[in-house]
Each structure stands twice: as structure tokens, then as C-alpha cells.
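**Q** Could you put the whole structure together from the sequences, leaning on the hints where they help?
Chains A, B and C supply the protein sequences, listed in that same order. Counting in this note's numbering, the first sequence runs from 1 upward without gaps. Counting in this note's numbering, the second sequence runs from 242 upward without gaps. Counting in this note's numbering, the third sequence runs from 483 upward without gaps.
Derived from the structure by calculation, the hints contain no laboratory data. Among the hints, a few may not be true.
What the hints assert, rightly or not - Quick list of in silico lysine to any residue cross-link-like pairs, SDA-like style, CA-CA up to 25 Å:
1) 668/C - 636/C
2) 330/B - 237/A
3) 362/B - 668/C
4) 397/B - 419/B
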Amino acid sequence: MLDINEIQKISMDCSMTEFVGTTVLDTIGLVIPGVNDALLQQMQIDKPYKSLGLLSSRTGAAGQINAADEAVKSTNTEIISIELPRDTKGWGGHGNFIIIGGYSVSDVRRAVEIALEYTEKYAGELYISEAGHLEFTYSASASQALNMAFDAPIGKPFGFFCGSPAAIGLVMADLALKSSPVEIIKYMTPNRGTSHSNEIIAAVTGDASAVKNAVLTAREVGLQLLISMGSYPEVPGTPYL
Amino acid sequence: MLDINEIQKISMDCSMTEFVGTTVLDTIGLVIPGVNDALLQQMQIDKPYKSLGLLSSRTGAAGQINAADEAVKSTNTEIISIELPRDTKGWGGHGNFIIIGGYSVSDVRRAVEIALEYTEKYAGELYISEAGHLEFTYSASASQALNMAFDAPIGKPFGFFCGSPAAIGLVMADLALKSSPVEIIKYMTPNRGTSHSNEIIAAVTGDASAVKNAVLTAREVGLQLLISMGSYPEVPGTPYL
Amino acid sequence: MLDINEIQKISMDCSMTEFVGTTVLDTIGLVIPGVNDALLQQMQIDKPYKSLGLLSSRTGAAGQINAADEAVKSTNTEIISIELPRDTKGWGGHGNFIIIGGYSVSDVRRAVEIALEYTEKYAGELYISEAGHLEFTYSASASQALNMAFDAPIGKPFGFFCGSPAAIGLVMADLALKSSPVEIIKYMTPNRGTSHSNEIIAAVTGDASAVKNAVLTAREVGLQLLISMGSYPEVPGTPYL
Chain A
1 MLDINEIQKI SMDCSMTEFV GTTVLDTIGL VIPGVNDALL QQMQIDKPYK
51 SLGLLSSRTG AAGQINAADE AVKSTNTEII SIELPRDTKG WGGHGNFIII
101 GGYSVSDVRR AVEIALEYTE KYAGELYISE AGHLEFTYSA SASQALNMAF
151 DAPIGKPFGF FCGSPAAIGL VMADLALKSS PVEIIKYMTP NRGTSHSNEI
201 IAAVTGDASA VKNAVLTARE VGLQLLISMG SYPEVPGTPY L
Chain B
242 MLDINEIQKI SMDCSMTEFV GTTVLDTIGL VIPGVNDALL QQMQIDKPYK
292 SLGLLSSRTG AAGQINAADE AVKSTNTEII SIELPRDTKG WGGHGNFIII
342 GGYSVSDVRR AVEIALEYTE KYAGELYISE AGHLEFTYSA SASQALNMAF
392 DAPIGKPFGF FCGSPAAIGL VMADLALKSS PVEIIKYMTP NRGTSHSNEI
442 IAAVTGDASA VKNAVLTARE VGLQLLISMG SYPEVPGTPY L
Chain C
483 MLDINEIQKI SMDCSMTEFV GTTVLDTIGL VIPGVNDALL QQMQIDKPYK
533 SLGLLSSRTG AAGQINAADE AVKSTNTEII SIELPRDTKG WGGHGNFIII
583 GGYSVSDVRR AVEIALEYTE KYAGELYISE AGHLEFTYSA SASQALNMAF
633 DAPIGKPFGF FCGSPAAIGL VMADLALKSS PVEIIKYMTP NRGTSHSNEI
683 IAAVTGDASA VKNAVLTARE VGLQLLISMG SYPEVPGTPY L
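**A** Following this line, the structure appears as C-alpha cells:
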């Protein structure tokens, strides 16, 4: 039987070869060099990779998906799957669980490292108050992760905005679309596309400046409405937009 | 880039035309005067309204649905959709996201105002302890919102009771049905009808006194069982039943 | 109307005949001696029982399912249903809601008593940190509950391991399967088999020593990875493996 005192002796400085790193939003990055065959079969992956990179957070979705997008853009890897658990540690949104595949361990390890770095950056557009939260992300050129999660056209500008409680997200979407000539490519609600999160999510594409403007409008609207609920949001990073 | 200090300068006293108000249970009421066409198409609303009223909370479902029911009863508006995100800010239940449609902004604004007022009243029958929660609602005459969410016969008395952890809700339902000649019209569980909440939900109809009696029995049972778990519930409002 | 001061007068020492007991993880055990006919019909139980035993928790799934397994093994009762709400009081996992059926109240009451006792024991293999959680369970001989929930072969050794955030659970599964000649019988992810929890869950069968070894490997791996996220887990019981 495990002596409970032994737990405290385990180092926070993990030395396992599978460990890549951790970052904000309770995010961990891991690699599986050559996944067990029986497990691989259960996972129902329809791609030939045996080296897997994993990015997994309790809080945040779009930021980490955008971070994974950067990772696959600059390494010889591919997104295998993106899942959005209903999480956020008691808030109304998602966490994320992203699997990246590659032919070599060093490729997927590098991809996970990049994803962790960008997760820290992109966490700058997450705003969490006592009442709810807002999330934004922007990419000048969407790649495979944003395409898989939000139907983003590959190589095109991509904007994402989301608000919770859900009604805030809908007004953000309405005013963002009215402010800018963008095309809405994804619309998600508690019952549609989400894991029953308390969010309205919208994703847009179009010219870079129009997409960016739509995201900035959504942010301005979202902050006003979220703050009207009686508390100021904290930001787990530094706003980058 | 957003200067994080600018966030603190945003007033809690929201001046946006879309803003109607906020109330207990992290509830916000908003209006969209004339929804953007591309957004409207994504929303897949099969009704002709372009003025939308929104009621959205982190916590509570039956109370706000009953409040929306009062709103559509006394205004020229209609319920468009009711969604129940898995929320309650870390507890085992739902939040809500309700869209009300109308032909004029003033109609939907008035509906949202009424829904906010009744949300405060109906929050009086929500009981939240460290261990779980109970929710009750009663209507002498159900209208469109209660019908859409719980199959309530229009114009008839309606009672609702729910307990979490789920087992408490089942014993509440059993004893309420044994105590009173009511008809059970809705039964929801973690896997059936809910967004995987930790609740058993039952809704009943029948004669006014029988329905009320069933709700009161459910409340008496629920409070005893919830308190047996080791903590007393708080009430975000004032009990009205 | 309910006087709110009356609530404080309700005893925590519940005297209702339906009450069996409470234990760790916000778990309550209840019985319904002869369930109301209209309610029974709504419940869509396809078994002939009218005496129901209920085990229901805010936190934990495998431990309580294993506890219910022990209960049906040693009483004349049967599992009717197992549901896993998305709960854990703000963490990334499940609660549980288990219904046990029997022909007599004393049978189901005894079953619930046993399930409560084993819930306390099996809670010893739940580890909850600020960042996430791990859950393990082991049975030398699986019975009906473990079979229903995880396809465990009846009468065979059964092992279960789960980690959150999800990526931790996947590395646990990979290394457990590599460490021991066991067969994987269940694989669950945020989108597959769970209620959108932030977990990877794996269940295995095989020789007793191999199954136990797989669980111990998973625990060793899981603790290292969970602790790498920056906080030490607490255990709501005493580790028994």
C-alpha cells in the first residue's frame, strides 16, 4: 500500500522522458514516443503516427488550439484530434485535449514545446471575472488545428470570440459582424457544438484587417457586458491584440 | 494591444443600448434590436423575429424559465429557444440561456425586464449547500416557456422539483408523487434530458392545490436529505412558496 | 411561505425511513421501499424491482462503482443503472448515480450500507490536486456493476485508472499497458464514453498480479505527472493499493 508521506517526496521537477513542460491555465505538454499497440487500436486514430504529442489544459480552448496551429505549421507534425472537455475549473467553458502526431519523437516534442510557448502568449486574450469569461484568438493564417476545430479556411485570417454567460457571446457576435465585413464560419451554443458550456462562440474569416477589427469589437463589447455583471476580469497572461 | 489598466476604467454601469440589467445568480438580460442577417442564419431560428431578448445565467434553470414564462405571458413576445448549459459555478446543475423574440425592441426589452424581476423572485426557491442543491418552481398557469422546456400543458398549474446529488431528487419525486394526486410530465436524469447535471428533475401538473402540495412535499423531503449531508443551504432570494 | 429560519432547525441526523447514510465525496445512500408506479414508468426500468437502493456522489466514479459491485456481490440485489454526471465540484471528472434493485427493502438497504462502507475505502485511491485528479480502482473479481460500467468480464480481475487533465491519463494508460501483460477493455475520452469530463480513462483485465501491477504503474506515472503541474494531491481516504 502506498504510504501517503511518499507522495510529498515526488519532485515537481518531473524527470520522465514523456514530460515536456507545463504552463498557465493548468496546461501540461507530454509526448508518447511509441504508443502501445493495443492502446493505439482503442484510440481509433486513422493516421500512421506512433509518436504522439499531447497538449492538455483545464482552462481554455481557442488559445491552445491556435497554439497547436502554430506548432504544426512549423514542424513536421499533424493534428490527430482536438477534444473540448467541459471544464474551466468551475467556470462556464472548456478545457482542451489535443493530440499531435509525427514520425519522430523529436518532431512531436518540438511541436509540444511550441504549443506550450504559444499557449502562454495566447492566454493573454482570456478574461475571467467572478461572473463569467471571455476568450479571443486571432491568426493571420490558419492552419490545420483551427481548420479542424472551427472550419477555418487554411491559409486565411481567422478570428474567434466567445463570451460566458452565453448571452454576452451572442451580443459580441452580433456587434462584431455588424462592425466588420467578415464571414461567420462557426457558431456554437450550449446545445450546439460545445460540451454544454455556458458560452456562445463565433469564428470568422475575411481580410486580415476586417477579421482583426471584428475581434477587437467583440472584445470591447464583451468587456463592457462582463463588467456590468459586477466584477472586473483577471487576465492569466498579457493581452496581445 | 490592450493596456490592462484600461479594463479597470470600464464602468460597471453599462451604457450600451443592448444592456437591460443584471440580477441574482449571475444573470444578465440583454436585447439585440435587429440581429445581423448572417448571424441570424447561423442561429437557425425558424421564427420571423429580428428583435431578440436574451436571459442568461450561470446558475438556475427552472426559476428563470418560469420567469421567462411570465415575461411572454404579459408581452407581445414568444420564446425562441431555451438551452441549459452544464454550469452552476462548480455545483451539480445547470445555468440557462433563453432567447425571446418579438417584432419590436420595446416589446423584447420589456419582456427581458419582466424576466429579470421574476428571476429575483423565483431565486427564492433555490437552496444551495456545500454538498448539493435543490430547486423548485410553481406556476398557477403555465405558458410557452414551461411548455417548451418541460412539456407543461399550457394554462394549467405546473410544479417542478429537482435535487442534487441526483439520488435526493429521486426520493423527492417519489414522495411528492405519493403525497399528491398529480401527473408526472417530465423526468430528467444525468443521462436523460439534462446536460449531464448531477440532478434528478421531475415536473408535474394537475389541480393547483395538488401541484402546490407536491412541490411543498418535495421541498420538505429535499431539505431534510440535503441537510443530512452535513451543511445547511443558503438561499439566494426569499422563499415564496 | 417557508420561514428561512426554519431551515436551520432541521436536524443533520436524518430520521426519514429512506435515509441510509452519508460518507466521503459528498455521497448519500438512500432507499425507496416501494417506488411510485407513475415514477417507475418514467424511469424506464426494465427489471421487476420495486425496492430501490440509491448511491449518489458529487465526486468519484470508479470507486463507487466498485463499491456497488461489492454490494451486489454479497446481497440479493442487482444493479439497475449507473449514470456518471459531469461533476466533481469544479474539478474535471464525474460524480455518480447508481440504482440498485431488489425484492425486499432490507436487501437493498443492506446493499446501500455495503456500498457506503466500500465507498469510504475505495476513496483512498482518489488523488486531487489544485491542477487535476487521478482515480484508481482494483477488483480481484468483477461483478455486475463493473461489467455494466466498464465491460469488465464477470469473475475476472479488473483494474481502472484515470487522469485529469486528460493527457496525463493517456500517458498513464500507455505506460501501464507497456508494463504489464493486461488486456485493455475500455478507453474513454472527453468526447467518448464520458460526460465530457477532462479525463482519459482506461480499464484492464488479465491475471490478478498483472492487473494490479498495471494499476500501480499507472499510479506511479500519474502522481509524477500530476505533481509536475505544481501542487501535491490530497487523498480523501487512505490508499489501499
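**Q** For each hint, tell me whether it holds in the structure or not.
**A** Consistency of the hints with the structure:
1. Between residue 668/C and residue 636/C, the direct Cα distance comes to roughly 15 Å. Compliance with the 25 Å bound is thereby established for this hinted pair.
2. Simply put, residue 330/B and residue 237/A have alpha-carbon atoms about 23 Å apart, close enough for the 25 Å limit, and the pair holds.
3. With a C-alpha separation of about 47 Å, the suggested pair residue 362/B and residue 668/C falls outside the 25 Å cut-off, and the hint is violated.
4. The suggested pairing of residue 397/B with residue 419/B holds, with an alpha-carbon distance near 21 Å, which does not exceed 25 Å.
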